[in-house]
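Chemist: First to last, the protein sequences are chains A and B. If you use the numbering used here, the first sequence closes out at 519, no skipped numbers anywhere. If you use the numbering used here, the second sequence closes out at 1024, no skipped numbers anywhere.
Quick caveat, the hints were computed from the structure, so don't treat them as lab data. Glycine is no exception: its CB is placed at the ideal position from the N, C-alpha and C atoms. Any given hint might turn out to be false.
What the hints assert, rightly or not - The calculated label-pair distances, taken between Cβ atoms and stated as ranges, are:
#1 B:Cys564 <-> A:Leu91: 51 to 57 Å
#2 A:Ile512 <-> B:Asp663: 42 to 48 Å
#3 A:Glu498 <-> B:Glu724: 30 to 36 Å
#4 B:His976 <-> A:Ala166: 29 to 35 Å
#5 A:Glu159 <-> B:Thr940: 27 to 33 Å
#6 B:Tyr996 <-> A:Val165: 52 to 58 Å
#7 A:Pro94 <-> B:Cys564: 44 to 50 Å
What the hints assert, rightly or not - Simulated pairs of lysine-lysine, DSS-like, Cα-Cα distance not exceeding 30 Å:
#8 A:Lys54 <-> A:Lys40
#9 A:Lys517 <-> B:Lys985
#10 A:Lys517 <-> B:Lys925
#11 B:Lys656 <-> A:Lys488
#12 A:Lys157 <-> B:Lys1007
#13 A:Lys109 <-> B:Lys562
#14 A:Lys508 <-> B:Lys522
#15 A:Lys413 <-> A:Lys441
#16 A:Lys157 <-> B:Lys827
#17 A:Lys508 <-> B:Lys656
#18 A:Lys157 <-> B:Lys898
#19 B:Lys913 <-> B:Lys882
#20 B:Lys1007 <-> A:Lys457
#21 A:Lys513 <-> B:Lys950
#22 A:Lys109 <-> B:Lys605
#23 A:Lys517 <-> B:Lys827
#24 A:Lys457 <-> B:Lys1005
#25 A:Lys157 <-> A:Lys409
#26 A:Lys161 <-> B:Lys1005
#27 A:Lys517 <-> B:Lys950
#28 B:Lys842 <-> B:Lys525
#29 A:Lys157 <-> B:Lys913
#30 A:Lys453 <-> B:Lys1007
#31 A:Lys513 <-> B:Lys927
#32 A:Lys453 <-> B:Lys586
#33 B:Lys525 <-> A:Lys109
#34 B:Lys656 <-> A:Lys161
#35 B:Lys925 <-> A:Lys157
#36 B:Lys652 <-> A:Lys109
#37 B:Lys656 <-> A:Lys457
#38 B:Lys898 <-> B:Lys562
#39 A:Lys371 <-> A:Lys409
#40 B:Lys582 <-> B:Lys562
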Amino acid sequence: MALFRCGLKFRALSAALRNNVACMSSLPQPIKNPEIKYNKVFINNDFVDSQSGKTFPTINPATGEVICQVAEGDKKDVDLAVKAAQDAFRLGSPWRRMDASERGVLLNKLADLIERDRVYITSLETLDNGKPYHVAFNADLNLVIKCYRYYAGWADKIEGKTVPVAGDFFAYTRREPVGVCGQIIPWNFPLLMQAWKLGPALACGNVVVMKVAEQTPLTALYIAHLAREAGFPPGVINIIPGYGPTAGGAIASHMDVDKLAFTGSTEVGQIVAQAAAQSNLKRVTLELGGKSPNIVLADADMEQAVETSHFALYFNQGQCCCAGSRTFVEEKIYDEFVERSAERAKKRTVGNPFDLTNEQGPQVDQEQTDKIMSYIKSGKEQGAKLVAGGNKMGDKGYFIEPTVFADVKDEMKIAQEEIFGPVQTILKFKDMDELIERCHKTIYGLAAAVQTKDLEKALHLSNTLRAGTVWVNCFDVFDASMPFGGYKMSGNGRELGEYGLEAYSEVKSVVIKIPQKNS
Amino acid sequence: MEKTPKPVRDQKIVYTKILINNEFVDSVSGKTFPVINPTTGKKICDVSEGDKEDIDKAVAAAKEAFKLGSPWRRMDASQRGRLLYKLGDLMERDAEIIASLITLEMGKPFLQAYGETMWATGVLRFYAGLADKIGGKTIPIDGDLFAFTRHEPVGVCGQITPWNYPASMFTWKIGPALACGCTVVMKPAEQSPLSGLHLVALCQEVGIPPGVVNMVPGYGPTAGAALTNHPDVDKVAFTGSTEVGKIILQASGGTNIKRTSLELGGKSPCVIMDDADLDEAVQFAHDGVMVNAGQCCIAGSRTFVHEKIYDQFVAKSRELAEKRTLVTGDPFDPNTQHGPQVDEDQYKKVLELIESGKTDGAKVECGGAAVGGQGFFIKPTVFSGVTDNMRIAKEEIFGPVQQLFKFKTLDEVIERANATTYGLGAAIFTKNIDNAMTFTQGVRAGTVWVNLYDVIHPQAPFGGFKMSGLGRELGEYGIAAYQEVKSKELIVFLCYYPCGCRRYA
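Start from the sequences and build out the full structure, keeping to the hints where you can.
Modeler: Right, dumping it as structure tokens:
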């Protein structure tokens, strides 16, 4: 249970990452060469080749080498998956007839099986994504298991109401499943993003066609196998490995997909939203990018603020939609903060993610690495001061030095655009009003944070910043029960919590004429 | 593939003491009381008899476990949920043992006891899933204020459970209490402490911290009264007779204004319209009053039959009751449908009421007497020609006795159904939508069934109108009794917007 506590408590996690102490002694050893058991398209509880017979390689980002080939799904596979899902959703099917509480029991069973196979699954995630094994074990897997258990608990609590309408009527609402849910998930938290999508969808009784990121398909396919073992009927969960423009596009435009959930870049978010509207007006929720401000006030505990801000940016190799990627520091403490942040960045250990002493692994692929390096170049060119890092590391894999820029100005590209890498940008501010305006000068609105001891300032900033999540004296604290999502172009709708259920049910109103209404 | 559950007939009774702080201890007085097997009338074993001193110790332990900073108060809500879910798993693991204890101590046929136990695991799982989903709100009040509510656990809860569904009633009480983070002192019925003691041993096994769940077996007037009068008990939940419910409510008010919820008796009407599916209605009405030897608060103990189908209904009901008489006997036998009454007091009371039915002029269609021999067995009994003024029409019998009344119109029967101080359950059998809608709206009862009876599930609230109770158990509604709402308001941001406009919608 120490492992759960470790992953859960924010301070313990960042302390552990820094000191490699508390959690490590009880951490089970990783499987460095996990056997790849499932690498095909998953439809109707079967693993099958793609219709075209094509495959694509998935790469180990720590080495740049191919792990294995994976079946490449395209429109034909999506069509088959949607048909299977529709069939599993027909009136009278086992899934439609199942008690809601039993759906909850299945979700809990899935969580049990993930716990059983935790070491293998974590090792597979580390191999395919590159995130350090100890972080994946303590943070990712902890949140994944809790997410499934959280939504298991909701399954038989999705209620409508009886409503006192005018006239001689008995009226009530029912919350019914939306139907076939197309879900497109990214590569930065493969298992967790899958859990955030499957949890609420299945709790509400929907059926799913999921396209997993081409960079990281392996763990999702293993989870599909566990879902089958847990007892989910055939056709309820279907998984298509493949590429965005082909498989993803097919889902977004499909006339028989009732709802689309997409997590990824704002750019692609706009594309799928258009496809959804042009096809059959499928309901759409989006979790997109961010450029989240992390504000450090002069009265903050300096040591904690530096560490929190460091964690806010560098967690997951900087590959978080909600990364604290604009660090606004009050003028009074700016220089000291920059110096300490640079020092901290230089101490950050980078390397083989299976090595338990490393805090940071590789970026996910070549494309991301190139993009990050070009931002670093633009930072230098536009006049920001490089105080740490700035280079690639090693000649194998996609490692980048923890990089810090100071004296960053709002108009610079590195202050406006999402870098999605280990590049911290530190900006100076003087007064509150100016600060809030600058925080808002962005198309994004995913998250924000304030580091301060002052009660009034903390509440004022939390209650005024236009961001879906605001953290005070912490960062990246997630819980299955708290909604998460973006203002503005960071997204549409909320995931997690009770709010996360809304997108997965359709409200039906029923009005029955009765002989005489009495209150 | 479901296995056939097997009774554990001669089990060694392991748990017979008082549980405080996760330790089983003798009563302070050293006294014990006997637990009787109603099938034989003989003693099963002795159990520690708790009284005021034991209640004081248990309440002190529960109060300590509830202190700010305690492991229980610091525990994540989701983790409380995990513990409840695992308790459900252990209850399922030990279902045959627990069911056998139930059969032994209160006479319910084993397969029905097993069914009860397995059903009850669903209550634990329901509340397990709710633990991290119950919270307060942030509220847009007037003024430059940030306001929110916290839903805090109400504190130390005294819970008194009855003997008719010992395992199930345990879960109805412990589920919401632990989900909310309360601590508990339970007093199980003296007739049936063994199943409850096994269940608290499972609480210990699952890892619920010491002091969170405590159990003191004993009698109502002593242990029960000590609990309901204790100044450090914040809330009392009682399931039992209306008569005792009134005593408890007075005790709560007279001491520290304990929040009180009550699940009491009933005299529930079961209305059969002339368009009902006759055979189905006869079966549901029969089961509704005969199950558990009639020992259900929700028993359908007033069956109103439309005059058009009355004679047929009476004949078929008699037939069913006579069939039931044939499967009366050893409750461990899988063929037995009908067991004994729980003890001599109940047995005498039921027989007395049966006699009053005869005296008042109702016709005995079948049964109407004890079975005879050892144990407290009474023959399934059907009275026809019952009129509203008879004792058997008004008083809760809590035995296998069906009352059949005749009626003419829906409006008339709704009035007669409501002419009672009780209001726990009700049912209507009809195919007509207007009849169904009118009845469900008009009858004053906490649960109303249409074309069935006795369908109770963890998700839907259960409780009584009028003197059948106070508050609701089960479902999300069941949480309300275990929470205290705190409002908090804070003054914020006096100086940050120069325009003078301070509050932001």
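Chemist: Hint by hint, note whether the structure agrees.
Modeler: Right, here's what the structure says about each hint:
no. : hint                              : verdict
1   : B:Cys564 <-> A:Leu91: 51 to 57 Å  : 54 Å, holds
2   : A:Ile512 <-> B:Asp663: 42 to 48 Å : 47 Å, holds
3   : A:Glu498 <-> B:Glu724: 30 to 36 Å : 32 Å, holds
4   : B:His976 <-> A:Ala166: 29 to 35 Å : 32 Å, holds
5   : A:Glu159 <-> B:Thr940: 27 to 33 Å : 31 Å, holds
6   : B:Tyr996 <-> A:Val165: 52 to 58 Å : 22 Å, violated
7   : A:Pro94 <-> B:Cys564: 44 to 50 Å  : 46 Å, holds
8   : A:Lys54 <-> A:Lys40               : 11 Å, holds
9   : A:Lys517 <-> B:Lys985             : 22 Å, holds
10  : A:Lys517 <-> B:Lys925             : 27 Å, holds
11  : B:Lys656 <-> A:Lys488             : 24 Å, holds
12  : A:Lys157 <-> B:Lys1007            : 28 Å, holds
13  : A:Lys109 <-> B:Lys562             : 43 Å, violated
14  : A:Lys508 <-> B:Lys522             : 40 Å, violated
15  : A:Lys413 <-> A:Lys441             : 13 Å, holds
16  : A:Lys157 <-> B:Lys827             : 42 Å, violated
17  : A:Lys508 <-> B:Lys656             : 26 Å, holds
18  : A:Lys157 <-> B:Lys898             : 42 Å, violated
19  : B:Lys913 <-> B:Lys882             : 17 Å, holds
20  : B:Lys1007 <-> A:Lys457            : 18 Å, holds
21  : A:Lys513 <-> B:Lys950             : 16 Å, holds
22  : A:Lys109 <-> B:Lys605             : 12 Å, holds
23  : A:Lys517 <-> B:Lys827             : 28 Å, holds
24  : A:Lys457 <-> B:Lys1005            : 24 Å, holds
25  : A:Lys157 <-> A:Lys409             : 49 Å, violated
26  : A:Lys161 <-> B:Lys1005            : 26 Å, holds
27  : A:Lys517 <-> B:Lys950             : 20 Å, holds
28  : B:Lys842 <-> B:Lys525             : 25 Å, holds
29  : A:Lys157 <-> B:Lys913             : 37 Å, violated
30  : A:Lys453 <-> B:Lys1007            : 20 Å, holds
31  : A:Lys513 <-> B:Lys927             : 24 Å, holds
32  : A:Lys453 <-> B:Lys586             : 27 Å, holds
33  : B:Lys525 <-> A:Lys109             : 26 Å, holds
34  : B:Lys656 <-> A:Lys161             : 20 Å, holds
35  : B:Lys925 <-> A:Lys157             : 40 Å, violated
36  : B:Lys652 <-> A:Lys109             : 20 Å, holds
37  : B:Lys656 <-> A:Lys457             : 22 Å, holds
38  : B:Lys898 <-> B:Lys562             : 23 Å, holds
39  : A:Lys371 <-> A:Lys409             : 20 Å, holds
40  : B:Lys582 <-> B:Lys562             : 35 Å, violated
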